[in-house]
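There are 2 protein chains.
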Amino acid sequence: MNKQIVLAKRPVGWPDESCFRLEQCPEPACGPQDVVVEAVWLSLDPYLRGRMNEGPSYAPGFALDRPMVSRVVGRVLESQNARFRKGDWVWGFLPWALRCLTPRGEGLTLIDPSLGKPSLAISALGMPGLTAWVGAIELGNPAPGDTVFISSAAGAVGQLAGQFAKRAGARVVGSVGSDDKVAYVLERCGFDAAFNYKTRSVDEALAELCPKGIDVYFDNVGGSTLEAALRHANIMARFPVCGMISAYNETEDRGIRGLQALLSKRIQMTGFIIYDHIHKLPAYQARVAPWFRDGEMHFHEDIVQGLEQAPTALIGMMKGEAIGKRLVQVAAE
Amino acid sequence: MNKQIVLAKRPVGWPDESCFRLEQCPEPACGPQDVVVEAVWLSLDPYLRGRMNEGPSYAPGFALDRPMVSRVVGRVLESQNARFRKGDWVWGFLPWALRCLTPRGEGLTLIDPSLGKPSLAISALGMPGLTAWVGAIELGNPAPGDTVFISSAAGAVGQLAGQFAKRAGARVVGSVGSDDKVAYVLERCGFDAAFNYKTRSVDEALAELCPKGIDVYFDNVGGSTLEAALRHANIMARFPVCGMISAYNETEDRGIRGLQALLSKRIQMTGFIIYDHIHKLPAYQARVAPWFRDGEMHFHEDIVQGLEQAPTALIGMMKGEAIGKRLVQVAAE
Numbered sequence: 001m002n003k004q005i006v007l008a009k010r011p012v013g014w015p016d017e018s019c020f021r022l023e024q025c026p027e028p029a030c031g032p033q034d035v036v037v038e039a040v041w042l043s044l045d046p047y048l049r050g051r052m053n054e055g056p057s058y059a060p061g062f063a064l065d066r067p068m069v070s071r072v073v074g075r076v077l078e079s080q081n082a083r084f085r086k087g088d089w090v091w092g093f094l095p096w097a098l099r100c101l102t103p104r105g106e107g108l109t110l111i112d113p114s115l116g117k118p119s120l121a122i123s124a125l126g127m128p129g130l131t132a133w134v135g136a137i138e139l140g141n142p143a144p145g146d147t148v149f150i151s152s153a154a155g156a157v158g159q160l161a162g163q164f165a166k167r168a169g170a171r172v173v174g175s176v177g178s179d180d181k182v183a184y185v186l187e188r189c190g191f192d193a194a195f196n197y198k199t200r201s202v203d204e205a206l207a208e209l210c211p212k213g214i215d216v217y218f219d220n221v222g223g224s225t226l227e228a229a230l231r232h233a234n235i236m237a238r239f240p241v242c243g244m245i246s247a248y249n250e251t252e253d254r255g256i257r258g259l260q261a262l263l264s265k266r267i268q269m270t271g272f273i274i275y276d277h278i279h280k281l282p283a284y285q286a287r288v289a290p291w292f293r294d295g296e297m298h299f300h301e302d303i304v305q306g307l308e309q310a311p312t313a314l315i316g317m318m319k320g321e322a323i324g325k326r327l328v329q330v331a332a333e
Numbered sequence: 001m002n003k004q005i006v007l008a009k010r011p012v013g014w015p016d017e018s019c020f021r022l023e024q025c026p027e028p029a030c031g032p033q034d035v036v037v038e039a040v041w042l043s044l045d046p047y048l049r050g051r052m053n054e055g056p057s058y059a060p061g062f063a064l065d066r067p068m069v070s071r072v073v074g075r076v077l078e079s080q081n082a083r084f085r086k087g088d089w090v091w092g093f094l095p096w097a098l099r100c101l102t103p104r105g106e107g108l109t110l111i112d113p114s115l116g117k118p119s120l121a122i123s124a125l126g127m128p129g130l131t132a133w134v135g136a137i138e139l140g141n142p143a144p145g146d147t148v149f150i151s152s153a154a155g156a157v158g159q160l161a162g163q164f165a166k167r168a169g170a171r172v173v174g175s176v177g178s179d180d181k182v183a184y185v186l187e188r189c190g191f192d193a194a195f196n197y198k199t200r201s202v203d204e205a206l207a208e209l210c211p212k213g214i215d216v217y218f219d220n221v222g223g224s225t226l227e228a229a230l231r232h233a234n235i236m237a238r239f240p241v242c243g244m245i246s247a248y249n250e251t252e253d254r255g256i257r258g259l260q261a262l263l264s265k266r267i268q269m270t271g272f273i274i275y276d277h278i279h280k281l282p283a284y285q286a287r288v289a290p291w292f293r294d295g296e297m298h299f300h301e302d303i304v305q306g307l308e309q310a311p312t313a314l315i316g317m318m319k320g321e322a323i324g325k326r327l328v329q330v331a332a333e
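The listed protein sequences correspond, in order, to chains A and B.
Mapping the first sequence onto our numbering, position 22 (from 1) lands on 22, and the numbers just tick up by one.
Mapping the second sequence onto our numbering, position 324 (from 1) lands on 324, and the numbers just tick up by one.
Isolated chain A, as found in the complex (with noise of 0.2 angstroms):
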């Protein structure tokens, strides 16, 4: 029987279990021109918290007693489509559903499995990979011997954005929520220094591991992590900032301080989205797989098992639990 999540409430502040509902389903039925997709990985992304609202955020909200979606990889069980066949490997915005009809196949693309696993497609070789590229290396622009310092560092971009600037020569900084997540990120992902920003302020920290200051702050929370490396930027810093979930789940905003050092520091703060980088996927991809098969970076991807539990899965990495990416697998693969 086919089974789905859909979202049975909006949350207000941190969304909980009671904001999702795990319900039966019809199977799809495949009609001409049709492709019906058996999902495998679910991918659990922190901008998926601003569609559950009411209004759009940079994506449409999702509507209520509709099925969650986001990227997914799965596998074609029934294809009426030239371009797809039984048993290739898709990846697209799907829903949270063991079983899905893709109309006209829209929306689907193929995985090479030359470049590697198929969840990469929506992990290192996917969005989360494009969007640490885009921010640490484009935006970034790091120069040998400069200061990047990261935020949610050893999370599915952050983890990331530390190797690529590594690669240029940067000194590497992460702030992340664990000790765990300490070692992680200087044990596999190769950073200089990293601080667990719950046992450590935030000053202390970039005062001692960034004593040249810092030239690159990759942004994923916001909030007083952000005001910290205004504080600590150089001159001419660039500031990528590529989430702020720290205001997330706020209900109330209580500002950034401090902004004046964008003046007085010269600073260019960039927001960024990566569907607006998408005609780069396959350069990048081109690029880093080679990176990946022989072994030169690093990706951890954070494994939950079974379609039931997504909602619990979502809100755990909301709340910081997860090392790397975060995935739901729904299917064997």
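None of these hints come from the bench; they were simulated from the model.
There's no promise every hint is true.
Copies of the same chain look alike in the list, so a pair counts if it fits in one copy or across any two.
[As the list claims (entries may be wrong)] Below 27 angstroms or equal to it, Euclidean Cα-Cα: the simulated DSSO-like pairs (lysine-lysine) are:
no.	residue 1	residue 2
1	K3	K166
2	K212	K198
3	K265	K117
4	K319	K265
5	K280	K319
6	K212	K319
7	K117	K212
8	K280	K265
9	K166	K117
10	K198	K166
11	K117	K198
Here the structure of chain A is known, so what remains is to put chain B in place on it, guided by the hints.
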């Protein structure tokens, strides 16, 4: 007898006249290689407020009981330096005094009289002009049909920023602090629309006057005007940040709310300080001097007479009473 204006005490919040003292001082004695300058025009600029504080702003702080310093246009009274002759017009960062010594002529720049009247060297053809150009054109990068919103639009920089953006084909909207200034920017500077933020909600005014949203916000003030501009910004908007005068006299930083718009709208905010661009001044002057000479652009100087009036004139400018560029005339031209 020579006279000067010194910083008598550091202001907390808004400065008042007691922060300054007019006092007699020695006549400059011209040694080998030295130049004595008679001040004619003193420039009053918003950034001077920051230099009255203890800590460094982007320029070093003024010392207590030492003269105020700003850009000054003057005449060479006496020169033992081969680069300058008696009667030459020069400008430099000079003390607020009737006459001053510049050891070895350092920091003095000759003014080319063919470019226009001497005071232009510290106004439309000097830093305020180049500031308007870099912010409105280089960082703002307005396309024909874009909407450019400018705060402090009747100020030294704002009045030019708007006219430059008009020449680039943009629709230009200004916020100002009086009805006289509304009339000024509409009738003399050719803005498409303007409003008095003291008598009208900025949000309402932007909704009416920028019906297609804001593509470029030239920020001179920060604070709630910046917050409103973030709300009305279009996707991919550019926010050159030239000043945050609303914060300069605040003793508490209330923070900027709604900065998440940077992300959802992919806004680029760039703080800039004109000293980083000073190498562009000759090319800027060559480009725009004909526009002023031929009457294609308008530039208003708000002139206050007498060195002793400089403190009151500076305080008044910070409170928004000047239209255009405020200068203090210290001697006959």
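Verification of the hints:
1. In the homo-oligomer, the alpha carbons of K3 and K166 never lie at most 27 angstroms apart, since the shortest distance is 43 angstroms inside one protomer and 58 angstroms across protomers.
2. Proximity of K212 to K198 under the C-alpha cut-off of 27 angstroms is restricted to the intra-copy arrangement: shortest distance 24 angstroms within a copy versus 43 angstroms between copies.
3. Taking the shortest alpha-carbon separations for K265 and K117, neither the intra-copy value of 44 angstroms nor the inter-copy value of 34 angstroms comes in at or below 27 angstroms.
4. In this homomeric assembly, K319 and K265 come within 27 angstroms of each other (Cα to Cα) only across copies, at 25 angstroms, whereas the closest approach inside a single copy is 33 angstroms.
5. Neither within a single protomer nor between protomers do K280 and K319 lie at most 27 angstroms apart by alpha-carbon distance, with minima of 31 angstroms and 49 angstroms respectively.
6. In the homo-oligomer, the alpha carbons of K212 and K319 never lie at most 27 angstroms apart, since the shortest distance is 31 angstroms inside one protomer and 38 angstroms across protomers.
7. Proximity of K117 to K212 under the C-alpha cut-off of 27 angstroms is found in neither arrangement, the shortest distances being 40 angstroms within a copy and 46 angstroms between copies.
8. Within a single copy, K280 and K265 get their C-alpha atoms only as close as 31 angstroms, which misses the 27 angstroms cut-off; across copies the closest is 20 angstroms, which meets it.
9. Only within a single protomer do K166 and K117 lie at most 27 angstroms apart by alpha-carbon distance; the minimum there is 24 angstroms, versus 54 angstroms between protomers.
10. Taking the shortest Cα distances, K198 and K166 sit within 27 angstroms of each other inside one copy (25 angstroms), while across copies they are farther apart (50 angstroms).
11. Taking the shortest Cα distances, K117 and K198 never come within 27 angstroms of each other, neither inside one copy (34 angstroms) nor across copies (61 angstroms).
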